[in-house]
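Chemist: If you're matching them up, the sequences are chains A and B in order. Everything in the first sequence is counted per our numbering, starting at 1 for the first residue and increasing by one. Everything in the second sequence is counted per our numbering, starting at 1001 for the first residue and increasing by one.
Worth flagging that the hints you see were computed from the coordinates, not collected in a lab. Among the clues, some could well be false.
[To be verified] On the chain A side, residues computed to face chain B include the following (Cβ under 10 Å):
#, residue
1, 13
2, 56
3, 69
4, 81
5, 82
6, 83
7, 107
8, 108
9, 112
10, 121
11, 123
12, 125
13, 127
14, 207
15, 210
16, 224
[To be verified] Within a straight-line C-alpha distance of at most 27 Å, the following computed DSSO-like cross-link-like pairs (lysine-lysine) qualify:
#, chain 1, residue 1, chain 2, residue 2
17, A, 25, A, 53
18, A, 79, B, 1240
19, B, 1295, B, 1210
20, A, 150, A, 63
21, A, 79, A, 53
22, A, 233, A, 258
23, A, 258, A, 53
24, B, 1240, A, 63
25, B, 1311, B, 1077
26, A, 160, A, 150
27, A, 79, A, 63
28, B, 1240, A, 258
29, A, 233, A, 160
30, A, 258, B, 1303
31, A, 79, B, 1303
Just so it is clear, the structure is predicted and the values come from calculations on it, not from any experiment. Glycine included, every Cβ here is placed at the ideal spot set by N, Cα and C.
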Amino acid sequence: MPNDYFAGIDVGSLSTEAVIVDSNKHLLSYSIVNTGINSSAAAEEALSEALQKAELPRNRIAKIIATGYGRAAVGAAHKRMTEITCHAAGAQQLFPEVRTVIDIGGQDSKVIHIGQDGQLVDFAMNDKCAAGTGRFLEIMAKRLEVKLEKLGDLALLAEKAVSISNTCTVFAESEVVSLVAQNHPIDEIIRGLHVAIVNRIWNQVQTVGVHGQVALTGGVALNRGVVNLLEEKLEQTLEIYSEPQIVGALGAAILASK
Amino acid sequence: MTTSDTRRDYLQNQKSSGRKLLGVFPAQFPRELLWAFNILPVEIWDPPVEIAQANAHLQPYICSIVRGGLELILQGKSSLVDGYLFPHTCDSLQNLASIVNDHLDTGKPCFFFYHPKAVDGQPAREFYRNQLTQLIDRLEQHFGSINIERLQECIQTSRRLYSQLNELFNLRKQGLLQITNSDFYATLRRSEFLWPTDYISELELLLTQKCVKPLPSRAVVLSGILPNPPEILSLLDQHKIRIAADDLLNGQRRMTFLPTNANDPLEAITDAYFAQPPCSTKDSAIAERLKHLQKLTVDSKSKGVIFNIIKFCEPELFDLPQLRAGLRSTGIPSLVIETEINQVLSGQIVTRLEAFLEMIGD
Ligand SMILES: Nc1ncnc2c1ncn2[C@@H]1O[C@H](COP(=O)(O)OP(=O)(O)OP(=O)(O)O)[C@@H](O)[C@H]1O
Ligand code: SF4
Ligand SMILES: [Mg+2]
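Extracted from the complex, chain A is given alone in its bound form (with noise of 0.2 Å):
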């Protein structure tokens, strides 16, 4: 039996994903852990749930791509790629007209400009902080006491924005607090923080400009608020896969496939 099979395991600041590929790109099976403390242990994790899904033992894989911020730590992996290319490759595979990708996760949010055959033009990519991230997200939920996944939707559900002036987490955060004594409406202030998520994002949109269709991928990509917003900034329609957050490891398994 020939091993025909590729894997791409994404280690994210918050999750992990692994994702199973066959040699024509098709997917197999892919799986979502907490990456917890531990990264080479999620990653372990992520790999054998995918495997059992896919009804695969572990030598069917011909070839391991690992990516996300804890790349190094995947000892399995034959060679380690950025989620900057595989985010691109992914967005690629699943949606072949578009040309930016934007990123949001934990900590990192990006911009990829690609071009037709899939290869990097350009890309942005915030700096150490984690304003502009899902991790400022789910600081305030918690702050507010909402659940994360009901986070966008009472966003969207606000009349209006209450202007958040901070972009730094930690001061949006006591800023947060005193809004709150002084009686904001809760879904004001959660809507006034998602444009200003959704401002940050858009500085970086513009250092590499909108080209062609635009996919929004990562974990923030589930949250209806920041999904709309962008597209009233973008004046389009983001094209979303069902499950965001494997887009990093789909396109590290396609990678893996070449």
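Could you slot chain B with the ligands onto chain A? The hints should help.
Modeler: This is chain B with the ligands only, laid out in the frame that chain A set:
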């Protein structure tokens, strides 16, 4: 023994041998003049100090070169030097010069060197010559008269030194030098404190690493102020990427132009300054800088340009958007990373660098 120990020992020996030491801030200054006074210039770019006291004197948006330089003085770690020289590089360094000269009681003389920003036309040359004369006058007040014959000799030494550096840069460009980026720039940077003849010996040794067949490696151009933090260089080494040409203020922007054979030594030094490539700290036209970067990239067969910007370095930041757009329009990809001189690379910066390397392909 750490590098800073060996550096300190070397400087101590130089001092014991009767030489004077001058702490010189970045970046452009007439080395030959100082050598002629038997003064060893000890350049202060990125001293290995923990920044603490300097923060009290500087606004938060000042770059780490200025911050580190001030900290070094405040911590009393520049006790070996007999004075300071402040070239007029940028507003922040100018500001540092006045803090040190007007407000700190270092007990050491401060010298200033105002090289012209506009670099064409006779008035600029006259201005430069005039600054050389003024610097000589000031130095003479502290270190005795200059000996013109000695100056002529120093100019010849300088010609040898820069010719060797040029040859090395040339070999690097063609991939004909068996040396990593890390080792090459570590050697280049020893020019910041070695006496020229000692440095020439090291360069001679390096020239023996010449190989006949070009090494297989992809090439990039590195632009910015310093090749710092050094992890950038080792990361490129790890990925077998060669810096085939640089546009660094402390590299090829200032280190490749030798004094001419003009009879008048000041004229010879002036020629070198005016032959240098365009630079943000000389207010060069962006179009000139762009042309220069394009030429460096094409001549060295590089695949792209990495702009390594020191956080808050205004002169560099100002030119950046136009330079990148210009490069893009001629199909040259570029990357910007913002770093602090003495900080380890963040995970994000490593990812950006690696993504850029993936982008420029094999
Ligand atoms: N069900 C959900 N609803 C809304 N948002 C969600 C949901 N699940 C995850 N998120 C958002 O996605 C973020 C995590 O995204 P993702 O899993 O892509 O990050 P990561 O890849 O681990 O991080 P990075 O790429 O930055 O290292 C969370 O911070 C959160 O804001
Ligand atoms: S890094 Fe920039 S701002 Fe700082 S001293 Fe150098 S030129 Fe001036
Ligand atoms: Mg991710």
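Chemist: What hint numbers does the structure not satisfy?
Modeler: 2, 15, 16, 20 and 22
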